Amino acid sequence: MRALRRFLSGGWLPAYAFLYVVFLYLPVIFLPIFSINTAATPKFPLSGFTLHWYEDLPRTPALLDAAWNSLVVGVSAAILSTVLGILAARSITRYRYPGRRTINGLIMAPLVLPEVIVAISMLLVMLQLGLSLSLFTVVLGHVLVCIPYSMTVLTSGFEGFDRSLEEASADLGESAFGTFRRVTLPMVAPAIISSLLVCFTISLDEFIIAFFLTGTEATLPIYIWGQLRFAAKLPGVLALGTLLLFASFLLMTVAEILRRRAARRTQNEGGLYA
Amino acid sequence: MTVAAEGSPPLRMARAKGNALLRSEPAQGLALISPTLVYALILLVLPILVVIAHSFWTQNYLTIDRTFTLENYRVALTEPIYRDLLWRSLCISLTVSLLTVLLAYPIAYFISFHGGRHKSLWLFLITIPFWTSYLLRVMSWKVILGYNGVLNSGLMGLGIIDEPSTALLYNSTAVIITLTHAWAAFAILPIFVSLEKVDRTLVEAAKDLGDGPLRSFLRVTLPLSAPGVISAALIVMIPTVGDYVTPKLVGGKDGVMIANAIQAQFGKASNWPLGAALSVTTMVIVTMMAGATVLVIRAVQRLAR
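Order-wise, the sequence lines are chains A and B. Using the numbering used here, the first residue of the first sequence is number 1, and each one after it goes up by one. Using the numbering used here, the first residue of the second sequence is number 1, and each one after it goes up by one.
Simulated from the structure, these hints should not be mistaken for laboratory data. Keep in mind that a hint or two might mislead.
What the hints assert, rightly or not - The calculated lysine-lysine pairs, modelled on PhoX-like cross-linking and capped at a C-alpha distance of 20 angstroms, are:
id: 1; chain 1: B; residue 1: K142; chain 2: B; residue 2: K119
id: 2; chain 1: B; residue 1: K268; chain 2: B; residue 2: K248
id: 3; chain 1: B; residue 1: K197; chain 2: B; residue 2: K207
id: 4; chain 1: B; residue 1: K142; chain 2: A; residue 2: K233
id: 5; chain 1: B; residue 1: K207; chain 2: B; residue 2: K119
id: 6; chain 1: B; residue 1: K119; chain 2: A; residue 2: K233
Keep in mind that this is a model prediction, so the values were computed, not measured.
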């Protein structure tokens with residue numbers, strides 16, 4: 001009876017939360033573990049420590065090309081989607097107008113649509129328009145899926161933004177550009193950088209859209225996908241995957257810290273979680 | 001730069017001229033959002049319309065015949081292979097959304113009601129694995145469930161099984177496990193947000209009026225968090241129905257889903273109209289399933305009160 005009461009009042013929740021976090025992290029942790037294992041197949045018991053698989057990575061030209069492509073695509077997609085995100089987030093948080101929710105819903109829609117369908121729809125249109133598939137078309141696709149994330153991050157930074165500060169600056173004789181540079185920008189800069197990092201990370205990791213929209217050039221996930229066919233290449237893929245994993249962790253942690261700083265500056269919480 | 005352009009002059013005008021701001025506010029807002037909106041229209045709405053159009057056309061080798069036909073839909077809905085794939089995709093996505101919501105609810109509840117000062121730290125901890133590449137996460141499940149994988153070699157090392165089990169990988173269960181893991185965080189966040197909005201005094205009141213913890217949870221907290229449960233279910237259900245990577249990597253022959261068939265029509269099989277019809281059919285059916293889910297959850301919510 002006491003056990004039951006404890007169960008009902010939620011005494012089991014911390015233990016459950018702990019197990020849940022283990023469930024979330026465990027699969028991901030196997031990648032780094034087996035990337036430093038000497039055996040060519042990922043199985044227990046571990047056979048020995050090696051950095052061999054990592055040393056091979058920089059000696060693979062195809063991988064270096066893919067890494068460069070990913071960097072170019074990621075930076076372009078991050079900048080473009082953040083610019084578009086800034087405009088949309090500013091409009092949504094500052095103005096009231098009819099159709100605002102519908103427009104917002106439309107812009108956020110790629111978040112909840114099956115990626116394959118988004119990808120093949122864009123593929124069809126691009127082929128119809130006579131665009132040849134290249135990294136450029138990948139960037140176009142990535143921007144579409146990054147905008148919702150950019151919007152979420154930026155909205156949390158812009159919401160609660162005190163307009164009277166801008167007014168005060170204008171009243172005190174600052175020019176429009178001066179107001180932007182000295183009042184608006186410092187307030188929202190962390191959110192903007194956070195959005196850039198989030199979008200870059202998403203683009204870096206994104207597979208489906210790149211898979212459909214790229215021509216002959218591979219991004220890192222596409223390179224990995226190609227390597228998965230060869231069992232012998234698996235340790236190298238695990239090593240590369242581990243590096244990508246750590247890059248994403250790092251970028252997202254920095255992005256989150258910045259987003260919180262931005263939200264605190266405008267006294268607002270929520271963001272990615274709201 | 002546009003931010004600067006609309007920074008302050010409109011405000012001054014507004015003060016100078018009473019309701020000018022009121023009249024111009026919609027225009028300004030729309031102007032500001034228009035580049036993003038146009039982008040979404042060109043790369044999302046237009047493509048979807050093109051797909052819908054294609055689904056009513058036919059293809060002869062490389063040319064598209066633009067006479068209206070429902071043939072593609074007949075094939076999509078009656079050919080056993082597509083019917084089976086569609087049915088399996090729907091079952092998998094329904095199971096996955098049910099599982100993710102069930103598993104996520106206690107976590108969201110725990111963070112919201114017992115998270116204390118560390119709420120955002122918990123949320124961060126839970127979301128961070130999901131910012132890593134989806135492809136990599138699916139790959140790690142392949143490593144875990146494989147014939148020579150972590151689970152098999154681990155279980156053999158512990159002496160629980162004598163030879164590797166082939167039942168783990170390359171079936172729909174593997175797909176379900178992988179997808180449930182992949183979408184966990186997406187279910188937690190909406191539930192958490194709606195739990196945060198639950199007025200704590202209502203829960204107190206229920207307790208004061210004699211409801212035990214279970215009754216007050218079932219009659220107050222759970223119904224009030226229904227919107228979060230609904231959006232969690234939909235956020236998982238709709239994208240998973242069209243998942244491509246997971247069935248391809250861990251699904252094997254028995255785990256193939258509709259997205260793999262759609263991709264084939266745009267790749268090897270090269271029948272765009274059929275691929276388009278399959279996409280539209282999938283979207284329509286999953287939308288109906290999502291609608292039904294919303295109705296069921298609402299009905300349950302009404303019963304609970």
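Hints, verified against the model:
{"no.": "1", "hint": "K142/B / K119/B", "verdict": "33 angstroms, violated"}
{"no.": "2", "hint": "K268/B / K248/B", "verdict": "15 angstroms, holds"}
{"no.": "3", "hint": "K197/B / K207/B", "verdict": "18 angstroms, holds"}
{"no.": "4", "hint": "K142/B / K233/A", "verdict": "15 angstroms, holds"}
{"no.": "5", "hint": "K207/B / K119/B", "verdict": "24 angstroms, violated"}
{"no.": "6", "hint": "K119/B / K233/A", "verdict": "41 angstroms, violated"}
Of the numbered hints stated above, those contradicted by the structure are hints 1, 5, 6, listed in ascending order.
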